[in-house]
Each structure stands twice: as structure tokens, then as C-alpha cells.
Amino acid sequence: MNDRLDKVLTKQQKQLIEPDVKSTEEVMQLVGFIVSDEEYAIPMLNIQEIIKPIEFTRVPSVPDYILGVFNLRGNVIPLIDLRKKFNLDASKQSEEARYIVMKGKNNIAGFVIDRLTEAIRIRKDRIDPAPETLHKDKGMIYGIGMRDDSILTILKVEALLKRDF
Amino acid sequence: MEDIQEILEDFLVEAFELIDQIDQDLVELEANPEDLELLNRIFRVAHTVKGSSSFLNFDVLTRLTHHMEDVLNKARRAELRITAEVMDVVLESIDMMKALLHGIRDHGNDRDVGIEIDDICERLTAVSNGDEILSSGASDEPASAPSAPPSTPEPEEEVDVSDLSDDEVEAEIERLLKQRKEEDRQRKAAKKAQEPDTPKSQAPKAPPPPKKAPPLKAAGDRDLAPAKKGAATVEQTIRVEVKRLDDLMNLIGELVLGKNRLIKIYDDVEERYEGEQFLEELNQVVSAISIVTTDLQIAVMKTRMLPIAKVFNKFPRMVRDLSRELGKAIELEISGEDTELDKSIVEEIGDPLVHIIRNSCDHGIEDPSIRATTSKPEKGLIELKAYNEGNHIVIEITDDGKGLDADLLRIKAMEKGLITEREADSMSDKEAFNLIFKPGFSMAKQVTNVSGRGVGMDVVRTNIEKLNGIIDIDSELGRGTIMKLKIPLTLAIIQSLLVGAQEEYYAIPLASVLETVRVPIENIYTIEGKNVLRLRDEVLSLVRLSDVFGVKQVFEGSDMTYVVVIGLAESKLGVIVDTLIGQEEIVIKSMGDYLQGIEGIAGATIRGDGRVTLIVDVAALMEMAKEITVDIRASLDEQSSSKTQPSDYKVLVVDDSKMDRNIMMKSMEPLGITPIEAANGLDALNIIKSGEHSIDAVLIDIEMPRMDGYTLAGEIRKYSKYKNLPLIAVTSRTSKSDRLRGVEVGMTEYITKPYSPEYLESVVRKNIKLPE
Chain A
4 MNDRLDKVLT KQQKQLIEPD VKSTEEVMQL VGFIVSDEEY AIPMLNIQEI IKPIEFTRVP
64 SVPDYILGVF NLRGNVIPLI DLRKKFNLDA SKQSEEARYI VMKGKNNIAG FVIDRLTEAI
124 RIRKDRIDPA PETLHKDKGM IYGIGMRDDS ILTILKVEAL LKRDF
Chain B
154 MEDIQEILED FLVEAFELID QIDQDLVELE ANPEDLELLN RIFRVAHTVK GSSSFLNFDV
214 LTRLTHHMED VLNKARRAEL RITAEVMDVV LESIDMMKAL LHGIRDHGND RDVGIEIDDI
274 CERLTAVSNG DEILSSGASD EPASAPSAPP STPEPEEEVD VSDLSDDEVE AEIERLLKQR
334 KEEDRQRKAA KKAQEPDTPK SQAPKAPPPP KKAPPLKAAG DRDLAPAKKG AATVEQTIRV
394 EVKRLDDLMN LIGELVLGKN RLIKIYDDVE ERYEGEQFLE ELNQVVSAIS IVTTDLQIAV
454 MKTRMLPIAK VFNKFPRMVR DLSRELGKAI ELEISGEDTE LDKSIVEEIG DPLVHIIRNS
514 CDHGIEDPSI RATTSKPEKG LIELKAYNEG NHIVIEITDD GKGLDADLLR IKAMEKGLIT
574 EREADSMSDK EAFNLIFKPG FSMAKQVTNV SGRGVGMDVV RTNIEKLNGI IDIDSELGRG
634 TIMKLKIPLT LAIIQSLLVG AQEEYYAIPL ASVLETVRVP IENIYTIEGK NVLRLRDEVL
694 SLVRLSDVFG VKQVFEGSDM TYVVVIGLAE SKLGVIVDTL IGQEEIVIKS MGDYLQGIEG
754 IAGATIRGDG RVTLIVDVAA LMEMAKEITV DIRASLDEQS SSKTQPSDYK VLVVDDSKMD
814 RNIMMKSMEP LGITPIEAAN GLDALNIIKS GEHSIDAVLI DIEMPRMDGY TLAGEIRKYS
874 KYKNLPLIAV TSRTSKSDRL RGVEVGMTEY ITKPYSPEYL ESVVRKNIKL PE
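Chains as they are written, first to last, in this note's numbering: chain A, 4 to 168; chain B, 154 to 925.
Read the hints as simulated data drawn from the structure, not as lab findings.
Hints may be right or wrong, so weigh each one.
[Unchecked claim] Below 25 Å or equal to it, Euclidean Cα-Cα: the simulated SDA-like pairs (lysine to any residue) are: (1) A/Lys55 <-> B/Asp762; (2) A/Lys55 <-> B/Ser743; (3) A/Lys159 <-> B/Asp746; (4) A/Lys95 <-> B/Lys803; (5) B/Lys683 <-> A/Pro63; (6) B/Lys779 <-> A/Pro63; (7) A/Lys55 <-> B/Glu656; (8) A/Lys106 <-> A/Gly142; (9) B/Lys467 <-> B/Glu490; (10) B/Lys803 <-> B/Glu911; (11) B/Lys619 <-> A/Val65; (12) A/Lys106 <-> A/Ile147; (13) A/Lys88 <-> B/Gln749; (14) A/Lys108 <-> B/Leu404; (15) B/Lys591 <-> B/Leu693; (16) A/Lys55 <-> B/Glu407; (17) B/Lys705 <-> A/Ser97; (18) B/Lys779 <-> A/Phe168.
All chains should be modelled from the sequences, with the hints used to inform the complete structure.
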């Protein structure tokens, strides 16, 4: 535990010292998560909270990716299954599944994801705009983040929260 | 600058309140032109508005009110008789005044609305002059008044406030004080001799030159107004922003949910710790909180209540105008105007009532010539009544006109293609009356100013539906029509009936529930693809809630079913549900922008157990029901006969040992059923919950990792659809207490290991009722 903490601290220290990352304007803080087998990320500031799955109530006459609504401390919040929304394989919900409650300007919704990965800091110049061919996805992708060992699909929260039915 | 803004706002609030009252007063005045108190009151309104508007430099408004004041002042002094013609002009000028005030509210000044007042001012002057010439008592004194005023009072008011030098202020105050004293003296005198009030008040006014007259009135007014307020101070008031009340209401809503939750928890605890000391204390606290919460809720609801007089007040004027326009004599009788309603509802109810009353005037009440041939009095009567009935307010509009002709309505509706001939034939009179609510339907032979476009009654229906109200219409040909609007008192917290459709729960606003009945399936008939039920002397359309909302069918109903009869505005529908949970007070919560306006769902609420329950939008449900063509009886029959061969029967085998599972399956082989395996309680529960297989029986081992057999049985029994699912315990635990525990959690059978294959086979066969 201590080791990991140290690592994080030194990493943060390094980030502070590194001149080109210093300005917060150029860095984006993201939270990464897995849906089906792919890794996605969303800006941390758009996350209200992350909770363990709780019971929800089905809502009729809506697309099947809207699972229903759930009670978050007295507020009724829609629950959206990202696997179904992205037309990915719908396997069984695992123990690590979570609801990410995202908030936009005037909308709020919970999204079911399979697993959280980590908090990510990424420089803005390492984010490429979404490739043309992906634009048919109704612009849900903010950009593609280049990381040392992988690439990351950064989602546009406003687009996820936009009602499209 | 801000001060001015504040003053302006106060002015507007006050002015609108005054105007609300004035319309009614004026109409009353026409009936009793001699009522001096009434005249004074009206005069004061014009005067107050004039004074404030000149202070705020609204020249147009000042000029208009000034002219009105002129006419009224003469009437007050009995120099002018209030005739219908005079009243027309005065009422018109009041309308102008309203328009100007609206303009001020919207634009901040009275010029941008572009209202021309020259014409009306001239007519006001003409009325005051014209009548004066006719009436004998014309002295030159009042004659000079109307010509002088345009110039005199305006600067006068300005002296009052704007260009005041200190000396002038002093002088003005002195003068006012003197006048006030005089006025007081006068009033004392008036009190002594109550009768000759009129001449006395006139006497002192005559001596001073006309120039002085307005300030005198001002003094009198200022004097009278506080006196009026003095009487009102008995019930002191504070003006509060509506938003604050809304916030308060929301908080109360949360509290009600908390209370529901507390009661639910208490019920759970009560079961578990029966007879314990603390239970009694808990009970007391829970009861106290629930009483206080209810009281609090009522108290806050009351703060939002407004007397329906707010709406009713504009009708005397409207009926008066209409009766003149239509050349009919109509009297409007209002009662129950003190009945209170939630503010938001008061705002919504105005429009429908306007349409209904216009309709009564235009179509209901006959022309005087026709009325003369009947035994009815010459003057038509429209009664507008409001009263409370349980959680509802009922507004009744009755007219003694010609009534509705059901046959004519049927014919008209057929002509317009709104109904088919067949529908018309099978329609009861009452249903025929309801045709008037159909959009595009009109009985008027021609489109007039007043009605005939076939829009009005449709507006009534939509607005009342929006309020979850019910319209009941009854009529007798030649005798008149009664229309009853039944509206819930408040919108935010409502009583609801909770129902279950399969495993899902929905809340139906109790305001829309007419009754619930339990009927045998055989009583449901299918006519032209529609399911109907004969209920007493009515034929009721039926729809299954689970069909409307696409609820997954997981279990079949019995041969009896519950029907919730819902009614909205003028229509009725029977909704088949699987369970009735009961009545509960619920708080309507929005589901956010994302799920706004889902068809058939009005909102959501949080129940005592913390779960979200959706609230049915009754109006939408009725629309959706029309689209659904499921033959309920056929689908029920199909369900029950779906299993034809042994392999259609499924038995779930739950045991952590593969070998034991195999033994059980081997024993059942002769039956030819389909076995499904689960290695522990949790897996078994998931298989059952998923609803993938329709399982006919479960064989359960007791000792299992993760979830044992007892817990599993308990969990399964929590689902109402599995209340009768055979659960067969297969175990080596043989003690009496084990068996008892098995019975407690709901095991159907108890097989002890070891067992003979034949025995297991026969037990399973018996329980799944496999045909031999």
C-alpha cells in the first residue's frame, strides 16, 4: 500500500516539476473505465459520483439501452447501459460493475460500466480529434488520447447525456 | 433607480389587485346604480391608479384614469345616472386601463404598447357631458370641470410629488392636514346622522373652487383607504414569493417520503421484534412524526391556496358583455367563491371555465323570444358553484337553457365523420353528450364571435385532463345542462393507488380511479378486436397494464382478475392489473430532462422501501390503450395450454455436488422432463430471476456454499409469481426442527436422503401435475 502511495506521490511530484505539464490548462484529468473489452475515459469534472450497482425500475416505451431509473438519495435518475448504447456484447454484469453518475449542464444520468481502471492525466496535445469514420456515432467521441502503451477513447459527456430518441 | 423599480412593482401588484375587484363591482353597480358605497369603491380605484401613475410619470394612463374618474365622480355625486350605455364606455375604459397596466409590466412604460386612448377619452367626456346636459342639475361648476381637468389635475399631482420645493411641501402638508381634520369632523357628523351621508359629503365639496376638489378627494381617499385596511388588519398578511412556497413544498415532499419510509421500516421491525419494549416507544415516535408531517403538509398546502373567487370574479363582467352582445337576458349566480384551491390550479382553471360559460350563454340559454313561449322566466340563469368534496373541489356550471339533444349530437358527429353510424347507434345519451368535447365538433350553425369553431370544449377537456380532473356532463332537453368539473386540490403530493403488473409496480393517481373490481376472466368479451367488460349497465373498454407498458409476462394470472376503472375528463377505461397493493400518498418527482415526456408516464416517486415507482399518466394511458389489440382471453388461454409434452416441463436441480445432481436427474429421467442444473443457491436464484426458463419445480439441497437451501427458498417466495412454485427440499437433514424450518421458509415437500428413485419421481410428478 505504502509502495503504491509513494509511487503516486513521486509521479505527482514529477508532473509538478515537468515544465510542459505545469499549466493545468494543457492537462486533462480523466477517469478511465472498461465497457465490454474497450477502454473509454471521460473528464473527471463531469463525474458527480461513482456508486455500486443498486436496484433500478424499468421505464416503458424507451430504447432498450435505457435500463430505467434509480433512486440516488431521493433523486430519480435515469440509468443507461453503455454496452447496449454502443452496441457491444452484453455479457453478464460482473462484481466490478459500477454506475458512473455524470452530470452535464442541465442533465444528469447514471451509466453502467463493467470496470473502472484509473484516473488519467493526459496532455491536451496528445489528444487527437475523433477520426472521420467514427463521426457517424453521433459525435459521442471527444477525441482519441495517445498514451505510452495504448490509445484511449475519450467520450463527450454532453453527447452521452443528450436524449436521442 | 432600484427604489423606483420597487415602487413600480408595488404599484403593479396593487393595481392588478384593484382591477380584479373593479370588474365585479362595476357589473354589480349596473344592477344597483344607487349603491354609493360601491361607487365610492370604484371611484377610489380609478383615483388610486391615477395618483400612482402620475407619480410614476405614466402620462397615458394618468389621462385615461382621469377621464374615468370624471365620469365616476359625477355618478357619485348623483349628477350622472349609470345606464347601460354609460357602463359600456366605462367598462371599455377599464379594459384599456388593464391593457396599459400589462404594457407597463412588460415594457416598463405605457407608451410602447401603442394603445390609443384619445377616442375613449373623448367618449368618456361625451358621456359625462352628454348626460349632464340631459340631466337637469347641470350647474356651470361641474361643466367646467370636464373641460379643465386635462390640464389641471396633472400639474396638480406633480405639485404633489415631483417639483416640490420645501415650502410647497410644508404648505401642502398643512393643507392636507386641515382637510383631514375637516374630513374627520365631517365623518363624525355623518356618524351621528347616518342617513344623510350623501348630501353631507357633497356639501363641503361644493364650496371650494373646482381646482381644489381633487386634492380633497385625495385626502378623503387616503383617509378611507387606511380605514379599510384597518378592518383587514384582523387577518394580517405577508406577501411571499411563490418560489419560496414552491421550495417549501418540495421540502415537505421529501419529508413525506421520509415518513413513508419510516412507517415501512417500523412495519418490518414490528414483525421481527414482536413484544419488545422499545417497539412501543418507536411506535409512538413514528406516529407522532407522521401526524406532524401530515399537518405540516396540509399547512403548507394551505399557504398555496387561493380562493376560487380570483377566477370567478371575471365572469359577471363576461356574462354581462355576452348577454348584451347576444341580445339575451342572462343572470349569473355565483356561490362558493371562497372555496380554496392550489395556486397552480387556479391559474389553469380559468380558461376552461371561460369556454364553458360562453357555451352556456351562446348555446344553452335561448333567445328571449323563445323563452317567452316556455314556462321559463325571461331571464336566463347560469349558476356557477364551487364546493369541496373529499380531496377534490367540484365546480358546477348549471344553466336553465335548452339542454343538449343527444340525437342531434349523434347526427352532427356522424356528419363531421367523428364517429361511425354503428358507434352512434350503440352510444348512450351520456356518451353522446361527451361528443361535444371532441376537437372540431360544434353545434353552432355558423361561426360567430362567441363560438362555433369547435375549439372551446376541446380546450376544456385538455386543460382538465392536465389537472387530472374529471368532467361529468348531464343534460335534460328543454330543461338545461349541468357540467361538473372535479379537480384534485393539489398537484405536488397526491394520493395514488399502487398496482402491480407482473413484477412491476405502478402508481395511478387516485383522483382518476373511479373504482376497482374483481371479475372472472369469462366476463371479458372481445368485440371487433377490442376487449370489453360488461360492468353493471355499462360496457367498459379493457386493456392490460402489462400490454400498455410492455411488461415481460412472467406468470399467468388466475381465472379472476382485478380491473381498475379509471376516468378522466369524460372518458372511462378498465385497466387489468395483476395485484392491488393499496393506497399511498406519493410525491411526484420529475425524471429529469433526459426522460421527460415518456409516453404514459407522468413522473416517478420514491416509495417507503426506497424503490422508484413510476406514476401513470392517465390521459396518455387512455390514448395508448386505443392502439393495443391483444385478445386478452385468447392470450390467457394460450398461456395455460402452452405445455403439451413432458419435455416442456422444466425442473431446476440445485445441489453443490455434481454427483447428487446426477442422481436426481437420473431419477427423473422416466418423466421425460427437462432438467436445469445450478451448483448453488445464488446461481439458482439468478436463473429463476432471469425468467429465461419457465420453471415448474425446484429440487433444493439444503447445505450449499454461498446461499443455502433455506435462504434460497425464502428468496424465491418473495416473488409473488413464485408463490405457488413447488419447492422440494432434498436433504440428509432429518431432524424435526429442520423440517419445521423448511415449512417456515415455504418448502412444499421434504425428501430425505437417501431416497429411492421412484419416490423422487412420484413426488416431482405429483407437484408439477404432469399429465399421465
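Hint numbers the structure violates, sorted upward?
Those not satisfied: there are none.
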